Structures are given as C-alpha cells and as structure tokens.
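Peer 1: The chain contents come next:
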Amino acid sequence: KAGVTQTPRYLIKTRGQQVTLSCSPISGHRSVSWYQQTPGQGLQFLFEYFSETQRNKGNFPGRFSGRQFSNSRSEMNVSTLELGDSALYLCASSRPTAEQYFGPGTRLTVT
Amino acid sequence: AQRVTQPEKLLSVFKGAPVELKCNYSYSGSPELFWYVQYSRQRLQLLLRHISRESIKGFTADLNKGETSFHLKKPFAQEEDSAMYYCALVQGGSEKLVFGKGTKLTVNP
Chain Y
69 KAGVTQTPRY LIKTRGQQVT LSCSPISGHR SVSWYQQTPG QGLQFLFEYF SETQRNKGNF
129 PGRFSGRQFS NSRSEMNVST LELGDSALYL CASSRPTAEQ YFGPGTRLTV T
Chain U
3 AQRVTQPEKL LSVFKGAPVE LKCNYSYSGS PELFWYVQYS RQRLQLLLRH ISRESIKGFT
63 ADLNKGETSF HLKKPFAQEE DSAMYYCALV QGGSEKLVFG KGTKLTVNP
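For the record, the sequence lines run as chains Y and U. Each residue of the first sequence is one higher than the one before, counting from 69 in the numbering used here. Each residue of the second sequence is one higher than the one before, counting from 3 in the numbering used here.
Hints listed in this document are in silico derivations from the structure and should not be mistaken for laboratory results. Note that the coordinates shown come from a computational prediction; the quantities given were computed from them, not determined experimentally. One or more hints might be untrue.
Said to hold, decoys possible - Which residues of chain U face chain Y? A few of them, derived with a C-beta cut under 10 Å, are: (1) Y38; (2) L48; (3) R51; (4) Y88; (5) V92; (6) L99.
C-beta atoms are modelled at their ideal positions from N, C-alpha and C, and glycine is treated no differently.
Let's have the full structure, built from the sequences with the hints guiding it.
Peer 2: Quick look at the structure:
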C-alpha cells in the first residue's frame, strides 16, 4: 500500500511569511501526528489529529496550527515565520494505538 | 514530565561485535516504549515496540521498570545496522511520541 506522502518536499521562505504543509496518510489511517526535527532539539511533537479533531498539542507557539479534513488528510500552517522554524517537518499516520508510519518530511528553510 | 534520554550521541563498533544502545526514560505511569530507526536517505521507521516482545533484524530490547530503561541490543552487529536510532515513549491512549535525541550507530568493517 502507498505510504505517507508529504508535499512539498522542500520549501524556502523568508522571515515573516507563512507556510502550509500537507500530509496524506495511509489509506484507512485516521490518526495523523506532526513532528518538528532539528539538529539541536531533535524530534518534537507538534500536534495530533483524529477524525478532524485535535487530540494533543505540543509545546509550540500559537503560530503553529493544523487541521485535518474528512478524508484524514492533514495540513499544518506556520505563520510569521522565524529563522528558528527552519526544520524538517514530519507527518505520521496510524490506526489508534498502532504503529505510526512516517512520511519523508518537508524540509523548510527560512531565510 | 515525560523524558527520554539516550546518553550516547555516537556509537561505533566493529562488524560482529555486540552492540547496546542505551535508553532511559522518566514517566509517571505505564508508558509504551519504542525503538525507531532511520537509515541513510530513508524515512523514520519502527524497529521494536516493547509490548510485542519481538526480535527484529536480530535486535531485542527489554523494558526494565526498576531502572526505567529500555536498552536496544544485538549480539553481532552488521554493517547494514549503521543508522540513527531513536528511543521513544508514548502515554496510554495517545499517539504523542516523546523521542530521545538519538544515537548514531556506525558499524565498521
């Protein structure tokens, strides 16, 4: 079966702009989670969605937001980008309490 | 607060040698523990979860609640085991994974 896909794979933005990243989960998976990966902080949880509802949120500022659609696809948005937002953003999908499958990530560079 | 500690950032062994990647956690409750692996140019993937008690690619991990540890072991390392390894925990009823900072394992020929 097709794996988790994320678009775009690479993105370059300037400070102050906003960005939207997209994640398509594995068919049948209703849970989608987002993580930020940086060399300094490692992998940090952003948020988790299940059936269009945010179930958990990590310790990130309100500039980071997300949503999930009825087909389980998810988007995350970062507004007023800062240099420190440069990171690899990973999406993972799963059935409840089952293995999480990760996407390839979106590499965001903020200049 | 939930926390996962992987004390070794880098670990280098020779092919055929035993390898142990350390993981300690702090969590008030009964966490579920995982090991994830990321090979070069590949996506993050699950290697082991403690509840399954499986051995994957020769790796095993035992949950020691007394020492709050979940060390990953393999008796004979192979060159293809070279990768980044992450220990993680999740609290019951949640999909939120808390990761350690990772250990880069290099298996030399």
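Peer 1: Next step is simple, just say for each hint if it's right about the structure.
Peer 2: Here is what the structure says about each hint:
no. : hint : verdict
1   : Y38  : holds, 8 Å
2   : L48  : holds, 5 Å
3   : R51  : holds, 7 Å
4   : Y88  : holds, 7 Å
5   : V92  : holds, 9 Å
6   : L99  : holds, 6 Å
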